[in-house]
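Add chain B to chain A, keeping to what the hints say.
Chains A and B supply the protein sequences, listed in that same order.
My numbering applies: residue 1 is where the first sequence begins, and numbers increase by one.
My numbering applies: residue 1 is where the second sequence begins, and numbers increase by one.
Careful: at least some of the hints might be erroneous.
[To be verified] Pairwise CB distance ranges (calculated):
id : chain 1 : residue 1 : chain 2 : residue 2 : range
1  : B       : MET324    : A       : ALA44     : 54 to 60 angstroms
2  : A       : ARG3      : B       : ALA478    : 43 to 49 angstroms
3  : B       : GLU379    : A       : GLN132    : 52 to 58 angstroms
4  : B       : GLU396    : A       : ASP27     : 27 to 33 angstroms
5  : B       : ASN466    : A       : ARG3      : 37 to 43 angstroms
6  : B       : ASN376    : A       : GLU37     : 42 to 48 angstroms
7  : A       : GLN65     : B       : LYS313    : 54 to 60 angstroms
8  : B       : GLU473    : A       : ALA44     : 43 to 49 angstroms
[Said to hold, decoys possible] Distance condition first, Cα-Cα at most 25 angstroms in a straight line; then the derived PhoX-like pairs of lysine-lysine:
id : chain 1 : residue 1 : chain 2 : residue 2
9  : A       : LYS57     : B       : LYS392
10 : A       : LYS122    : B       : LYS392
11 : A       : LYS111    : B       : LYS392
12 : A       : LYS25     : B       : LYS433
13 : A       : LYS111    : B       : LYS412
14 : A       : LYS96     : B       : LYS412
15 : A       : LYS21     : A       : LYS123
16 : A       : LYS21     : B       : LYS392
17 : A       : LYS115    : B       : LYS433
18 : A       : LYS96     : B       : LYS411
19 : A       : LYS71     : A       : LYS41
20 : A       : LYS45     : A       : LYS122
21 : B       : LYS411    : A       : LYS25
22 : A       : LYS115    : B       : LYS412
23 : B       : LYS433    : A       : LYS96
24 : B       : LYS385    : A       : LYS111
25 : A       : LYS115    : B       : LYS385
26 : A       : LYS21     : B       : LYS385
27 : A       : LYS57     : A       : LYS71
These are calculated hints, taken from the structure and not from any lab test.
From a predicted model like this one, the values you see are computed outputs, not experimental measurements.
Just so you know, even glycine gets a beta-carbon here, dropped at the ideal spot from N, CA and C.
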Amino acid sequence: MARINVLLVDDETPFVETMTKRLTKRDLRIVAAYSGEEALKELAKHSEIEVVILDVKMPVMDGIQALKEIKKRYPLIEVIMLTGHATVESAIEGMKWGAFDYLMKPCDIDKLVSKAAEAAAKKRQHEEKIIQARLKEITARRA
Amino acid sequence: MSQDKPSNNHYYRSLTRKLILIVIVVSFAPMILVSGVIFDQFREFYKEKVYAHLQVLVRKHQRTIDNFLNEKMNDIRFLAKSSGLGELQSEPFLRQRLDTLQLAYGAVFEDLGVINDQGVQIAYAGPFGLANAQYSEADWFKKATQTQYFISDVFLGLRGLPHFIVAVRQNTERGPWILRATIDFAAFNNLVTSIRIGKTGFAFILNRRAELQTQPLFDILPSRETYLNLIKNGKSLDKDVHIFERKDELGKKNIYVSAFLKNGDWLLIYQQKASDALADLYRSQFIAIAIFLVGGIAIIVMALVLSRRMVSKIAVADREKEMMNQQVIETGKLASVGELAAGIAHEINNPVAIMVEEAGWIQDLLEEEEFRPSQNLDEFQRALKQINTQGKRCKEITHKLLSFARKTDPKKQVIQLNEVIDDMVELSFQRAKYSNVIIHTDLDSDLPLIEASQTEMQQVFLNLINNALDAMEKKGGAIDIASRWNASHVEIDVSDNGPGIAAANLARIFDPFFTTKPVGKGTGLGLSICYGIIKKMGGEIDVNSVVDVGTKFRIRIPANY
Numbered sequence: 001m002a003r004i005n006v007l008l009v010d011d012e013t014p015f016v017e018t019m020t021k022r023l024t025k026r027d028l029r030i031v032a033a034y035s036g037e038e039a040l041k042e043l044a045k046h047s048e049i050e051v052v053i054l055d056v057k058m059p060v061m062d063g064i065q066a067l068k069e070i071k072k073r074y075p076l077i078e079v080i081m082l083t084g085h086a087t088v089e090s091a092i093e094g095m096k097w098g099a100f101d102y103l104m105k106p107c108d109i110d111k112l113v114s115k116a117a118e119a120a121a122k123k124r125q126h127e128e129k130i131i132q133a134r135l136k137e138i139t140a141r142r143a
Numbered sequence: 001m002s003q004d005k006p007s008n009n010h011y012y013r014s015l016t017r018k019l020i021l022i023v024i025v026v027s028f029a030p031m032i033l034v035s036g037v038i039f040d041q042f043r044e045f046y047k048e049k050v051y052a053h054l055q056v057l058v059r060k061h062q063r064t065i066d067n068f069l070n071e072k073m074n075d076i077r078f079l080a081k082s083s084g085l086g087e088l089q090s091e092p093f094l095r096q097r098l099d100t101l102q103l104a105y106g107a108v109f110e111d112l113g114v115i116n117d118q119g120v121q122i123a124y125a126g127p128f129g130l131a132n133a134q135y136s137e138a139d140w141f142k143k144a145t146q147t148q149y150f151i152s153d154v155f156l157g158l159r160g161l162p163h164f165i166v167a168v169r170q171n172t173e174r175g176p177w178i179l180r181a182t183i184d185f186a187a188f189n190n191l192v193t194s195i196r197i198g199k200t201g202f203a204f205i206l207n208r209r210a211e212l213q214t215q216p217l218f219d220i221l222p223s224r225e226t227y228l229n230l231i232k233n234g235k236s237l238d239k240d241v242h243i244f245e246r247k248d249e250l251g252k253k254n255i256y257v258s259a260f261l262k263n264g265d266w267l268l269i270y271q272q273k274a275s276d277a278l279a280d281l282y283r284s285q286f287i288a289i290a291i292f293l294v295g296g297i298a299i300i301v302m303a304l305v306l307s308r309r310m311v312s313k314i315a316v317a318d319r320e321k322e323m324m325n326q327q328v329i330e331t332g333k334l335a336s337v338g339e340l341a342a343g344i345a346h347e348i349n350n351p352v353a354i355m356v357e358e359a360g361w362i363q364d365l366l367e368e369e370e371f372r373p374s375q376n377l378d379e380f381q382r383a384l385k386q387i388n389t390q391g392k393r394c395k396e397i398t399h400k401l402l403s404f405a406r407k408t409d410p411k412k413q414v415i416q417l418n419e420v421i422d423d424m425v426e427l428s429f430q431r432a433k434y435s436n437v438i439i440h441t442d443l444d445s446d447l448p449l450i451e452a453s454q455t456e457m458q459q460v461f462l463n464l465i466n467n468a469l470d471a472m473e474k475k476g477g478a479i480d481i482a483s484r485w486n487a488s489h490v491e492i493d494v495s496d497n498g499p500g501i502a503a504a505n506l507a508r509i510f511d512p513f514f515t516t517k518p519v520g521k522g523t524g525l526g527l528s529i530c531y532g533i534i535k536k537m538g539g540e541i542d543v544n545s546v547v548d549v550g551t552k553f554r555i556r557i558p559a560n561y
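One chain only, chain A, in its complex shape (with noise of 0.2 angstroms):
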């Protein structure tokens, strides 16, 4: 499988940073960023980026929000969610709005991976079969 392109959001730098690293050790591509809006922007820059791991506690625009966005903008992004306080509430909202999955902070960084790994089959996957179907409705068009 290729390597997997991951966007890293939190606001707690220390995290990201080390995250970034032992993500990359772990053959991910990590894009960072350190918020909401941040996070948009990267997405606008990177085309690549195939899954969304995102802190759901943020100031300003906190991780729901963020997800809603990015869900509307970029359907097929699979968006991980990572929770500082296991509530109920906040999963349920999370799943709700489109979330692939949630992980709760601090996480084992296997599960961790293999969580993305899943993601971005799943992504990838999806795009295939729009693919096939384009490819279809083209072959079709032409018989």
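Using the frame of chain A, we list chain B on its own:
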């Protein structure tokens, strides 16, 4: 608290006093006013009635007596006119006339006499043998010679018995002569003494010198002054009847009714004690006062009892309020502590996450070739693992703290419990699958809506389901959730066929911090939170459990919507 007591007691005592005073004043003021006004009106009215009655009575008697006197006078006048002096001078004729008069009027006329201008009785008919009696010095004679018709005052005269004289003067060429008749005192007296009302009402006649002309039934001497005044003030020609009240020498109120007789020579006086004349009034006054007193006593007793009772209720309410305030303060403290804890827990979580990640990063780096030969590599890895483990422990702790202190939304809304149950079952579905537990629901579709906090109800069911799942984690099993509607309550059973709860623990499961889970696994707050929520809604939660058979929680919530 104990220091407050005396001042509190003082406060309640003064409150009681004020209440009593207000109740008494408010009750008495209108009572006194109304009864006073009504009674005063009644008294005036009644007095007027009595006075009018007495006036009529006295006026009637005034006329009767005046008529009596006029009649007698007319008789004598007629006699004097119809018969000449010559006829009247013969005693047999005179006696015959007397007999005729006595036949007509009874013994009213005692005797007849003819007196010449020298005051000598020249003819006499009657029982006393007064022929030739000398009257020239007699008071009545002097007056009788001056007027044509004369009625004397009552006097003893020559015979020594009370009587009065009716005299008619006739003028002839030989000089004036007088025909006189004596009126029997007893007959006249009867006219007056027959005026009797009540126990103390009686009448008598006075002359201008306040001398008695009739025999009064009671002693009137003490009031002589009064009579004199009366006579002096009275106009002799005034035919009117006067009525007034005055205190006699004994201090008793008397009612006097006076009327002049005999063209103002005599005064007819009717006298009655006020207490007797107005006896009915006084009796009703007495009854009214008695009612007033009894009512007053009742009001005072009621004011005392009611005020005491009210103040004691106020005191109880005050105490309760104070306790409530204390509780509110306690709850407030707890709430703020909870919020503080939540804040701290959340803040701690991020640094811990960073620490764990950094440790993880070191671990990653240790994988590199260059560190492989290091002697302490195992030791490093063990330490890093320990950091990781302890970091996870921190996470657990903060998560528990957060979920306990998490803000719930106590705002009430109208909810359908079946939906809440379905949501929570769905939420627990994954976990149940891993624990090999089947969750079965049997929900009454007619369940009414109830008013409750959605998040609180979620908490209750999630706690119960989680507890059941925890209990059956090892062996698996089934959870049955049933809802029912019975007239006034919504009833929900959450039952499992797990290991059950030991009888010794059963009584304590709702106690806060009671848990059978291993240390660090359970907070012991779940069921006590459920209990608190259900009780707050006025519902009930109870448990039935048999070891190795299962546990059943039953919740009853009043359908208040």
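Of the numbered hints stated earlier in the document, which are not met by this structure? The structure breaks hints 10, 12, 13, 21 and 22; every other hint is satisfied.
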